[in-house]
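Asks: Using the hints, position chain Y against chain A.
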Amino acid sequence: LYQLRDFKTASQSRFRKKARRLLKISFHVVNTELSKLLQGNPALWRGRESNGPSPGGIKTGFPELDAALPARGWPANALVEIVTQQWGIGELRLLLPAMAELGRQRRWIIWIAPPYIPYAPALAKHGINLKHTLMLLPEDTHQDVLWSMEKVLRTQVCGMALAWPERLADRTVRRLQLAAEAGSSLGILFRTVDRASPAALRVRLKIHYEGLQVNILKARGGNRRAAVHLRL
Amino acid sequence: MIVSTSRWPLNEARIEQSRQTKTSTAPYSPLWLCIYLPKLALEALDRTLLDKALPRGVIEDIAGQRVIHTASVEAESAGITTGMSIAAAQALCPKLQVHGRDPQAEEETLNRLAVWAGQFTPVISLQPPQALLLEIRGSLRLYGDLSTLHRRLCNELSAHINHFLVAVAPTSLASLLLASHGNQTVITRREDLRSALGSLAIGRLPLEPNQIKQLTRAGLHELQDLWRLPRDGLARRFGPGLLDYLDRALGMQPEVRDVFRVPGCFAASLELPAEIRSLPILLQAARHLLDKLIRYLRAKDAGITRLQFILYHIHQPASRIEIGMRHSSCEESHWLSLLAEHLDRLRLPAPVIEMRLSSEPIQPFTPVSGSLFAQRPTTGKPLAPQQEWDQMLEHLQARLGRKALRGLQALADHRPEQAWRYTPSGIPQAPAPSIEVDRPLWLLPEPQPLDLQQNRLCYQGSLSLAGDPERIEGGWWDGRAISRDYYIATDVNGSRLWVFRDLSRDHRWYMHGLFG
Numbered sequence: 001l002y003q004l005r006d007f008k009t010a011s012q013s014r015f016r017k018k019a020r021r022l023l024k025i026s027f028h029v030v031n032t033e034l035s036k037l038l039q040g041n042p043a044l045w046r047g048r049e050s051n052g053p054s055p056g057g058i059k060t061g062f063p064e065l066d067a068a069l070p071a072r073g074w075p076a077n078a079l080v081e082i083v084t085q086q087w088g089i090g091e092l093r094l095l096l097p098a099m100a101e102l103g104r105q106r107r108w109i110i111w112i113a114p115p116y117i118p119y120a121p122a123l124a125k126h127g128i129n130l131k132h133t134l135m136l137l138p139e140d141t142h143q144d145v146l147w148s149m150e151k152v153l154r155t156q157v158c159g160m161a162l163a164w165p166e167r168l169a170d171r172t173v174r175r176l177q178l179a180a181e182a183g184s185s186l187g188i189l190f191r192t193v194d195r196a197s198p199a200a201l202r203v204r205l206k207i208h209y210e211g212l213q214v215n216i217l218k219a220r221g222g223n224r225r226a227a228v229h230l231r232l
Numbered sequence: 001m002i003v004s005t006s007r008w009p010l011n012e013a014r015i016e017q018s019r020q021t022k023t024s025t026a027p028y029s030p031l032w033l034c035i036y037l038p039k040l041a042l043e044a045l046d047r048t049l050l051d052k053a054l055p056r057g058v059i060e061d062i063a064g065q066r067v068i069h070t071a072s073v074e075a076e077s078a079g080i081t082t083g084m085s086i087a088a089a090q091a092l093c094p095k096l097q098v099h100g101r102d103p104q105a106e107e108e109t110l111n112r113l114a115v116w117a118g119q120f121t122p123v124i125s126l127q128p129p130q131a132l133l134l135e136i137r138g139s140l141r142l143y144g145d146l147s148t149l150h151r152r153l154c155n156e157l158s159a160h161i162n163h164f165l166v167a168v169a170p171t172s173l174a175s176l177l178l179a180s181h182g183n184q185t186v187i188t189r190r191e192d193l194r195s196a197l198g199s200l201a202i203g204r205l206p207l208e209p210n211q212i213k214q215l216t217r218a219g220l221h222e223l224q225d226l227w228r229l230p231r232d233g234l235a236r237r238f239g240p241g242l243l244d245y246l247d248r249a250l251g252m253q254p255e256v257r258d259v260f261r262v263p264g265c266f267a268a269s270l271e272l273p274a275e276i277r278s279l280p281i282l283l284q285a286a287r288h289l290l291d292k293l294i295r296y297l298r299a300k301d302a303g304i305t306r307l308q309f310i311l312y313h314i315h316q317p318a319s320r321i322e323i324g325m326r327h328s329s330c331e332e333s334h335w336l337s338l339l340a341e342h343l344d345r346l347r348l349p350a351p352v353i354e355m356r357l358s359s360e361p362i363q364p365f366t367p368v369s370g371s372l373f374a375q376r377p378t379t380g381k382p383l384a385p386q387q388e389w390d391q392m393l394e395h396l397q398a399r400l401g402r403k404a405l406r407g408l409q410a411l412a413d414h415r416p417e418q419a420w421r422y423t424p425s426g427i428p429q430a431p432a433p434s435i436e437v438d439r440p441l442w443l444l445p446e447p448q449p450l451d452l453q454q455n456r457l458c459y460q461g462s463l464s465l466a467g468d469p470e471r472i473e474g475g476w477w478d479g480r481a482i483s484r485d486y487y488i489a490t491d492v493n494g495s496r497l498w499v500f501r502d503l504s505r506d507h508r509w510y511m512h513g514l515f516g
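If you read the sequences in order, they're chains A and Y.
Under my numbering, the first residue of the first sequence is numbered 1, with each subsequent residue one higher.
Under my numbering, the first residue of the second sequence is numbered 1, with each subsequent residue one higher.
Careful, some of the hints might be misleading.
[Claimed, not checked] Subject to a maximum C-alpha distance of 20 Å in a straight line, what follows is the list of computed SDA-like cross-link-like pairs (lysine to any residue):
hint, chain 1, residue 1, chain 2, residue 2
1, A, 59, A, 106
2, Y, 403, A, 115
3, A, 206, A, 225
4, A, 206, A, 61
5, Y, 403, A, 137
6, A, 125, Y, 415
7, Y, 403, A, 218
8, Y, 403, A, 145
[To be verified] Here's a subset of chain A near chain Y, in silico, CB distances under 8 Å, partners left out:
hint, residue
9, 86
10, 92
11, 117
12, 118
13, 123
14, 130
15, 144
16, 151
17, 164
18, 178
19, 216
These are computed hints drawn from the structure, not numbers from a lab.
For every residue, glycine included, the Cβ atom is placed at its ideal position computed from N, Cα and C.
Here chain A stands alone, though its shape is the one from the complex:
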């Protein structure tokens, strides 16, 4: 009986060793395969790890900011929320380099119901392509603004769409984010309230003594809450 038990345990242990070895190998294979799949997938949020630059980011024109953003620039095909307490602190200058770059690619910049008049000579001076600038000035409703934004974001020819909605339901933001993903443009929402939202990137702007402080509150594809100081 002892012998038998010995034999049993011996065979079991041998079998176990073998199985363990096999498992190890298969784990290794699966691991490498998995990591291959996961690496470079922009739709996957990988917790603490950053998965390197995802393709398609639009250069912000500020190297410090590019370095802090997971997409190494403004995320393409996505919605960006810019939170500021008031207009005029530099929120447009933050976007100007990207706008100018899109204009050079002859993609359209669409302003939907801006709070003031975008001043054409200043825009031209900063290299914005006015020929590819479209103003949408719906007469009244909030509803029309959001409708236009969604419509515009779904197209492939639009480069950037900007809107200044007063109030927004999370559901609407989600719709806009999906629209932006379906199209190929960057949607920018300027907001005054800071709330969690489904947008791919949310930043808060603050005046800094020598320029602008950009707080990255949420960035899809990275979890760093960074603050970047920009000289404008």
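Replies: Only chain Y this time, still in chain A's reference frame:
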């Protein structure tokens, strides 16, 4: 005075005679048949009018006053005449139903009749607002003689319209004059025109009012009075235009007329099984009509850029939806989505009982060329960027209105307000002039006055000015003269503002922009 031997009511013997005279005149001389529709304004509306037993009238606005344009026979028997004010008409006949004039419906009816008249002759000319001219000399041989043609035309015409007057004359102007005066005669020889037209009243000729006044003041009341006057004197006193007009009516001078071409239009209507208000069912009906249109267009290899949906209601004027596109298209889904946009915005006054689709004249279809290798095979049907952009603009325009779409343009002017403007979208722009100075990205629509508190400027807290002022002045040449000192100011939050002091008026401070 010439006795009017050749003015006769239609009868066989005379027609025989006219055929003989026709063969004797050697070169081709036209013969015009005029169909005059005295109640067109009323009959064009008859689709929507229901109670035909009651007296009806069509009204129009003349110098802010609503007057009767056309009255039905029942209304006329009550004493209502053209030009009567609506209050007077309703006092005479309290049961009078009035409707606003619909020039578009009139034009449509006239066009429809012109298409119908195409079976009699290829040469048709429209005389808006209410007459149709047919050149029938070429068709006489086909129909045998004039009386057969005349009879068939009148028989068939009565199926389309109730009130019409028909006159035949060798010149189109003469036939029009005769028919519009209710003189339903047939004149085949040019020599007979003078006597036929002689008894027409000058006051009802389509001449300018002051010319008519001049003529009547000179004691000339009928056209035959004019025949008696020497030509040179007539031309001197009333201008060569009048003489020219008379010569054309008598066939002494050639007439120029536009020939009506049958448009390749599509029209179809669908009677709905019930009174419908629901949007999905209406769209379904529209899809059915559009389907027909697309098949028609495909068969002709054509496209259209505009089409019109007319929704008919009970007891209510019809609602119209016009849809336009930038390029001719024959894609059903696109039209349908534009229609949905329109229907969404339209408030239906009543349920719809019938739907009608009509297109503008078709054009050769030029499809936009796409690339050989689809760039985005995953997104289903790839579109050329320009086409996609146009489709999007059409959608935006359909919902927001044409005015909501603007372009931006920088202008070469040193005054802030004159240095930019909105342009209608889609207009190519001149390159923007380059500027050296610092300008704000945001401009306020109107300069906003700033308060002074204890010698400090205030805008949501006190402002501090930085740097030297920039003086901008001038503008006397277009009446928008300014004289301002512009500063860059920083507020307590750190926003940079563009403020100025108005030197020309009250030396007050204003905010004009934000540096954004």
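Asks: Hint by hint, say whether it matches the structure.
Replies: To see whether the hints hold, each was checked on the structure:
{"no.": "1", "hint": "A:59 with A:106", "in the structure": "holds, 16 Å"}
{"no.": "2", "hint": "Y:403 with A:115", "in the structure": "holds, 18 Å"}
{"no.": "3", "hint": "A:206 with A:225", "in the structure": "holds, 15 Å"}
{"no.": "4", "hint": "A:206 with A:61", "in the structure": "holds, 19 Å"}
{"no.": "5", "hint": "Y:403 with A:137", "in the structure": "holds, 8 Å"}
{"no.": "6", "hint": "A:125 with Y:415", "in the structure": "holds, 16 Å"}
{"no.": "7", "hint": "Y:403 with A:218", "in the structure": "violated, 38 Å"}
{"no.": "8", "hint": "Y:403 with A:145", "in the structure": "holds, 15 Å"}
{"no.": "9", "hint": "86", "in the structure": "holds, 6 Å"}
{"no.": "10", "hint": "92", "in the structure": "holds, 4 Å"}
{"no.": "11", "hint": "117", "in the structure": "holds, 4 Å"}
{"no.": "12", "hint": "118", "in the structure": "holds, 7 Å"}
{"no.": "13", "hint": "123", "in the structure": "holds, 7 Å"}
{"no.": "14", "hint": "130", "in the structure": "holds, 5 Å"}
{"no.": "15", "hint": "144", "in the structure": "holds, 6 Å"}
{"no.": "16", "hint": "151", "in the structure": "holds, 6 Å"}
{"no.": "17", "hint": "164", "in the structure": "violated, 11 Å"}
{"no.": "18", "hint": "178", "in the structure": "violated, 14 Å"}
{"no.": "19", "hint": "216", "in the structure": "violated, 20 Å"}
In the structure shown, a violation is registered for the earlier hints numbered 7, 17, 18, 19, in ascending order.
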